[in-house]
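So the chains spell out like this:
Number of protein chains: 2
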Amino acid sequence: MNSKHLRKGSRQPSPISKGKIRLYSNRFCPYCQRIVLVLDAKKIPYEVVNINLVSKPDWMYDKTPSGKIPALELDNGEVLYESLIIADYLDEKYHAHHLHSKDPLQKAKDQLLLRQFTKVINALLKTVSAGRVDNDEADIITEGLTTFEKELANRPGPYFSGNKPGMLDYMIWPWCERSDVLKMFGKEYILRKDKYKRLMEWRKMMMEDEAVKKSCCDVNTHIKYLQSYRAGIPDYDLLS
Amino acid sequence: MNSKHLRKGSRQPSPISKGKIRLYSNRFCPYCQRIVLVLDAKKIPYEVVNINLVSKPDWMYDKTPSGKIPALELDNGEVLYESLIIADYLDEKYHAHHLHSKDPLQKAKDQLLLRQFTKVINALLKTVSAGRVDNDEADIITEGLTTFEKELANRPGPYFSGNKPGMLDYMIWPWCERSDVLKMFGKEYILRKDKYKRLMEWRKMMMEDEAVKKSCCDVNTHIKYLQSYRAGIPDYDLLS
Numbered sequence: 001m002n003s004k005h006l007r008k009g010s011r012q013p014s015p016i017s018k019g020k021i022r023l024y025s026n027r028f029c030p031y032c033q034r035i036v037l038v039l040d041a042k043k044i045p046y047e048v049v050n051i052n053l054v055s056k057p058d059w060m061y062d063k064t065p066s067g068k069i070p071a072l073e074l075d076n077g078e079v080l081y082e083s084l085i086i087a088d089y090l091d092e093k094y095h096a097h098h099l100h101s102k103d104p105l106q107k108a109k110d111q112l113l114l115r116q117f118t119k120v121i122n123a124l125l126k127t128v129s130a131g132r133v134d135n136d137e138a139d140i141i142t143e144g145l146t147t148f149e150k151e152l153a154n155r156p157g158p159y160f161s162g163n164k165p166g167m168l169d170y171m172i173w174p175w176c177e178r179s180d181v182l183k184m185f186g187k188e189y190i191l192r193k194d195k196y197k198r199l200m201e202w203r204k205m206m207m208e209d210e211a212v213k214k215s216c217c218d219v220n221t222h223i224k225y226l227q228s229y230r231a232g233i234p235d236y237d238l239l240s
Numbered sequence: 001m002n003s004k005h006l007r008k009g010s011r012q013p014s015p016i017s018k019g020k021i022r023l024y025s026n027r028f029c030p031y032c033q034r035i036v037l038v039l040d041a042k043k044i045p046y047e048v049v050n051i052n053l054v055s056k057p058d059w060m061y062d063k064t065p066s067g068k069i070p071a072l073e074l075d076n077g078e079v080l081y082e083s084l085i086i087a088d089y090l091d092e093k094y095h096a097h098h099l100h101s102k103d104p105l106q107k108a109k110d111q112l113l114l115r116q117f118t119k120v121i122n123a124l125l126k127t128v129s130a131g132r133v134d135n136d137e138a139d140i141i142t143e144g145l146t147t148f149e150k151e152l153a154n155r156p157g158p159y160f161s162g163n164k165p166g167m168l169d170y171m172i173w174p175w176c177e178r179s180d181v182l183k184m185f186g187k188e189y190i191l192r193k194d195k196y197k198r199l200m201e202w203r204k205m206m207m208e209d210e211a212v213k214k215s216c217c218d219v220n221t222h223i224k225y226l227q228s229y230r231a232g233i234p235d236y237d238l239l240s
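Protein sequences appear in the order of chains Z and V. Using this note's numbering, read the first sequence as starting at 1 and increasing by one per residue. Using this note's numbering, read the second sequence as starting at 1 and increasing by one per residue.
Please note that a few of the clues may not be correct.
As the list makes no split between identical chains, a pair holds if one copy fits it or if it spans any two.
Stated by the list, open to error - Keeping only pairs whose Cα atoms sit at most 20 Å apart, straight-line, the calculated PhoX-like set for lysine-lysine is:
1) LYS93 x LYS107
2) LYS63 x LYS109
3) LYS107 x LYS63
4) LYS68 x LYS109
5) LYS213 x LYS107
6) LYS150 x LYS109
7) LYS150 x LYS63
8) LYS42 x LYS197
9) LYS63 x LYS8
10) LYS214 x LYS42
Just so you know, these hints were derived from the structure itself, not from any lab.
Based on the provided sequences and hints, a complete structural model is requested.
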């Protein structure tokens, strides 16, 4: 998972062997982490090839449009991309440790929450790239977190999926893991611990999950990476 | 399906009876038509309440955020929205006439195509609201249609899903039904019939499908509606 990131000019890894799957990933990409979490939670064996996002190897462009990652390569040569599509594929293909609810209504409601969380992600991205929180973004983040806080109150818990994390938990986790980086901008007040008590409890419980533990980074590592990213020289190999 | 569109001040329909489902819809909304197609293809009984989009009844805002439609109301009072989420829900809940492929890989590949089609939809929307086709939009439309043309060549056909339409066929249909309105802007050359032979053949076959026939409008009706829409006074009740 912490292998060096391949860049333009790097040799293409050999074809994958029969029965294996390979994830083209990046150690600090939250969308890639979604797939790492799903693979680890479902205990699916896989190999990782890390890709440098500012200097992608040419052969990556032959695998997905614009060399997009995360990308999942199968042993028949097919390559899937788009994190949510890969996650759904893995959950449907590998039946052990089902992550989506088997109740179609519950699954649909989780999907709606995930759509709302996508808006929170976009607001966070704007915040990180601007280095400040504008009012519009603050509203979207607050509204999103309030919805999720209420939702936890209405579910048996402690996870959104019940007594162990499910698809919704894992799909939102990568950004929740990084939420403390807001203190880098002096904006930690957005995530007021008194206002989002249940979410804070959920976050603590998620940290105890085996799959989460495997890919989780501490806040200082995230801040160090983010500083290199904002300086225009992202240090993807920080943990290699 | 052609009932008058309820507007601000209209009385709220009575609660739905046990075992029934209700679609809040609009006769000319292509996203709503997606759900109508799924319901009809799966032969699920449903009732329709049409909503005026420029003057929504107040009670619609209690059902979905911003009174969004299409919205599917269940007999337990729950309301789902977002066309793709509703479509997936219906396909998982009602097993007869399965629309998604049962092969997870095929389903994932169809989902990727659908993502690409969403870009075509957005380019078409820009075109319709601007009344002209800019180069960027023309490129996106051409690239999308070329992908779909190639895809049809690589599949057994005649439909994307084989010998009868499946989820991908129905999810892209509403915009394909409307494609001839481009002639309203003198831009029909974008859909060159010689370049997209298989897509044209597919379009003809879709017109023969029972579910498509039920909601399909002729091009003149679409143009008439679009003219009223562009004039700022959308005539949703054109067919009532």
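Hint by hint, here is what the structure shows:
With identical chains, the CA atoms of LYS93 and LYS107 are at most 20 Å apart both within one copy (17 Å) and between copies (11 Å). Taking the shortest Cα distances, LYS63 and LYS109 sit within 20 Å of each other only across copies (14 Å), while inside one copy they are farther apart (33 Å). Taking the closest pair of Cα atoms, LYS107 and LYS63 come within 20 Å of each other only across two copies (19 Å); inside a single copy the shortest separation is 31 Å, beyond that limit. Within a single copy, LYS68 and LYS109 get their C-alpha atoms only as close as 28 Å, which misses the 20 Å cut-off; across copies the closest is 15 Å, which meets it.
For a Cα distance limit of 20 Å, the shortest separation of LYS213 from LYS107 qualifies neither inside one copy, at 25 Å, nor across copies, at 31 Å. When the C-alpha separation of LYS150 and LYS109 is checked against a cutoff of 20 Å, the pair qualifies only within one copy, where the shortest distance is 14 Å, while the shortest distance between copies is 35 Å. Proximity of LYS150 and LYS63 under a CA criterion of 20 Å is satisfied inter-copy only: 17 Å between copies versus 41 Å inside one chain copy. Taking CA atoms no more than 20 Å apart as the test, LYS42 paired with LYS197 passes in neither setting, with 29 Å inside one copy and 44 Å between copies.
Proximity of LYS63 to LYS8 under the C-alpha cut-off of 20 Å is restricted to the intra-copy arrangement: shortest distance 14 Å within a copy versus 51 Å between copies. Proximity of LYS214 and LYS42 under a CA criterion of 20 Å is satisfied intra-copy only: 13 Å inside one chain copy versus 43 Å between copies.
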